[in-house]
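**Q** One letter stands for each residue in the lines below.
There are 2 protein chains.
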Amino acid sequence: MITSVQNNQVKNWRKLQTKKYRTQSQRFLIEGFHLIEEAIKSGWEIETIIIQNGIDIPDWIPKDLTIHVNTHVFNEISQTETPQGIAAVVKMKELYPKHDGIVLLVDAIQDPGNLGTIIRTADAAGLTKIFLGKGTVDPYNDKVIRASQGSIFHIPITQGNLLELIPELQAKHYMIVASTLENATNYMDIKPREKMGLIIGNEGAGINKDIVAIADKTVTIPIYGQAESLNVSVAAGILMYQMRK
Amino acid sequence: MITSVQNNQVKNWRKLQTKKYRTQSQRFLIEGFHLIEEAIKSGWEIETIIIQNGIDIPDWIPKDLTIHVNTHVFNEISQTETPQGIAAVVKMKELYPKHDGIVLLVDAIQDPGNLGTIIRTADAAGLTKIFLGKGTVDPYNDKVIRASQGSIFHIPITQGNLLELIPELQAKHYMIVASTLENATNYMDIKPREKMGLIIGNEGAGINKDIVAIADKTVTIPIYGQAESLNVSVAAGILMYQMRK
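Protein chains in written order, with the working numbering: chain R, 526 to 770; chain L, 526 to 770.
Watch out, some of these pointers could steer you wrong.
Copies of the same chain are indistinguishable here, so a pair counts whether it falls within one copy or spans any two.
DMTMM-like cross-link-like pairs, simulated, lysine to aspartate or glutamate; straight-line CA separation at most 20 Å [unchecked claim]:
1. K770 - D714
2. K668 - E753
3. K668 - D636
4. K668 - E606
5. K618 - D663
6. K654 - E753
7. K668 - E728
8. K720 - D625
9. K566 - E753
10. K544 - E619
11. K545 - E601
Hints were generated in silico from the structure; no laboratory data involved.
Please put together the full structure from these sequences, using the hints given.
**A** Below is the structure:
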């Protein structure tokens, strides 16, 4: 059992709390029984399972991967308010869409809870791929993973430059729809197609103007009351489900 | 300028962080320029505006209501991570729906961020009233108010027992729809009506069975991918906007 936070393995686990080290090592940290179960069920490779001393280990946990630590060490690694005493190091892996369909393009979403919820909704709505543009929070951030409720393991997610990706999708006959607050048609007029891309933008600033300019269509969700706007995760959910109709 | 946290006024402001004292005093605390502006614009009565020393006061702030405090005192009152140095004590007030329409019934939503986002979406979707059932987080909780982005000042919200409220609405010819995960028809089959009520349930447990039993209809949002469910705020948004169609 590891009992010192000075232990090299513990130091490396802690470094996984930074985007830089996650990218460099191509590994990330997840916490809690549900996420670990989802990672295993979805065929992601788990390198190590870190168990806090005294935690009951369910049968489905691969025993050969477990390393035991004391409470002090676990709290050093944990990033949750009420830790479950179990965490895992997962190797990054690229997923590929099984077929063409509806894809999501995310421009600079900054709140990890929003991005995680949007990933969860995209999975639920059966979207085939998510592209994360520049300025978007790292999808391997612990709060994104938690809010995604494991959907991060189900749906292909890649990072890239939306200004380059959109013309590539258009060349493959994807119709690209941008969600904006002004100068747009009602979202209910979107006629679902086999190949579509939905762009959603930053919480405050919306979608970058250069990106809106190359979209095929702009749509908006009408506001009937006195609210100024919708929360971006809610708006994304309404639009993704509309596209499925 | 108040400089001591032992000051009686400061002690009373701090007590407004508890539901018990908010209910007893019929007052609540809000923070930040945007929320205070929304409260004023929406005609809510502001009792006191608390200003941290050194903060620039915009013209629209009623000067006769301001009390200045030092940074230490302001931090005692503040419940935000990055305080803007302005807070206000607002008197509770009952709003009334202007006409019949779509109402929302909330059964035991516990996360303040979820409830606030749902209130914001209900406002945006033009719903006429929100009923909060037992076990639902206090709408005057600071996190609920913040996530509502001021919509708490726009839409009538009352607390009550849903098992009593639903039959009353049904007697007034409201069709009551419950959102469930099983034994339900596709939400797209909801035919919008003039008078409808939508029930949404607790994040984990869903809607209480006794409440589902008295609803006129149960509906569900299909899951096309591998996610187990949708986030409750996203699901509520999709359903409320469907009812507006």
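**Q** State for each hint whether it applies.
**A** Quick rundown of the hints versus the structure:
Taking CA atoms no more than 20 Å apart as the test, K770 paired with D714 passes in both settings, with 11 Å inside one copy and 12 Å between copies. For the identical chains of this complex, K668 and E753 are inter-copy neighbours only, at 18 Å across copies versus 27 Å inside a copy, given an alpha-carbon limit of 20 Å. In the homo-oligomer, the alpha carbons of K668 and D636 lie at most 20 Å apart both inside one protomer (9 Å) and across protomers (16 Å), since each shortest distance falls under that limit. Both within a single protomer and between protomers do K668 and E606 lie at most 20 Å apart by alpha-carbon distance, with minima of 11 Å and 17 Å respectively.
In this homomeric assembly, K618 and D663 come within 20 Å of each other (Cα to Cα) only inside a single copy, at 15 Å, whereas the closest approach across copies is 42 Å. Taking identical chains as interchangeable, the C-alpha atoms of K654 and E753 lie at most 20 Å apart only when they sit on different chains, with a minimum of 18 Å there against 30 Å within one chain. For a Cα distance limit of 20 Å, the shortest separation of K668 from E728 qualifies both inside one copy, at 17 Å, and across copies, at 18 Å. In this homomeric assembly, K720 and D625 come within 20 Å of each other (Cα to Cα) only inside a single copy, at 6 Å, whereas the closest approach across copies is 40 Å.
Proximity of K566 to E753 under the C-alpha cut-off of 20 Å is restricted to the inter-copy arrangement: shortest distance 13 Å between copies versus 41 Å within a copy. For the homomeric pair K544 and E619, the shortest alpha-carbon distance inside one copy (17 Å) is at most 20 Å, but the shortest distance between copies (48 Å) is not. Taking identical chains as interchangeable, the C-alpha atoms of K545 and E601 lie at most 20 Å apart only when both belong to the same chain, with a minimum of 19 Å there against 36 Å between chains.
Of the numbered hints given earlier, the model fails none.
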